[in-house]
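This note's numbering puts the first residue of the sequence shown at 9, with every later residue one more than the last.
Keep in mind the hints are simulated off the structure, nothing from the lab.
Okay, derived cross-link-like pairs now, EDC-like style, lysine to aspartate or glutamate, Cα gap no bigger than 16 Å in a straight line:
#, residue 1, residue 2
1, K55, E21
2, K46, E23
3, K98, D108
4, K113, D93
5, K98, E112
Pair by pair, the computed Cβ-Cβ distance ranges are:
#, residue 1, residue 2, range
6, K55, L104, 49 to 55 Å
7, D18, S85, 36 to 42 Å
8, S57, F99, 44 to 50 Å
9, E131, S102, 28 to 34 Å
10, G84, F20, 48 to 54 Å
11, A123, L164, 27 to 33 Å
12, G84, Y52, 33 to 39 Å
13, C34, L164, 17 to 23 Å
Beta carbons are placed, not taken as given, at the ideal position from N, Cα and C, and that holds for glycine.
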Amino acid sequence: MVQQSFTFNDTFELEFGLVQHKGGPCGILAAVQALVIKHLMNHYCGKLSPSNAERQQVLTKVLALILWQAANYESGSKLAYVCCDSGRSKFHSSLLYRNDGITEKVQFSRCSTLAATENCVQEFLPQFQSPMGKGCILFLYSLILSRGVNAIKADLDEPDSALWQTMATAVRNSLISA
9 MVQQSFTFND
19 TFELEFGLVQ
29 HKGGPCGILA
39 AVQALVIKHL
49 MNHYCGKLSP
59 SNAERQQVLT
69 KVLALILWQA
79 ANYESGSKLA
89 YVCCDSGRSK
99 FHSSLLYRND
109 GITEKVQFSR
119 CSTLAATENC
129 VQEFLPQFQS
139 PMGKGCILFL
149 YSLILSRGVN
159 AIKADLDEPD
169 SALWQTMATA
179 VRNSLISA
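Produce the complete structure using the sequences and hints provided.
See the structure below:
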């Protein structure tokens, strides 16, 4: 998942499709892909050969919508988080954490409206789309922060189970059916 981003296929008549690398995160990609197709069908008269500009616009809207729908209410207001790579470490390895090249560089923006979430996703879209980049993991971090760990655990069929073990199954199963 570390080297998977939201890149579109450039093959004629498959321009709507996201490219999955080496058995990457199919649950996340499938959920995003489904909404990309739905958006193209609803807003582009079923046009499944979008231009590059249209693909970027649709991807921005879809990623923002997913984050906004996942967002929880904090202190009475709904907030979505959009994570990006700051390019520099915010903290260093310790006994409790070993640098992975991603987590220590993550910074996030809080968004209080869907429009603000779209603007933020659009600003960082190059990071979400960088070929062989970190787009999917940054999006997953955004989803986790937007939803909140406690809400994610409550969403699980077995809320008392280990979060990361169950999340792999939950993401695989529930995001595909999103």
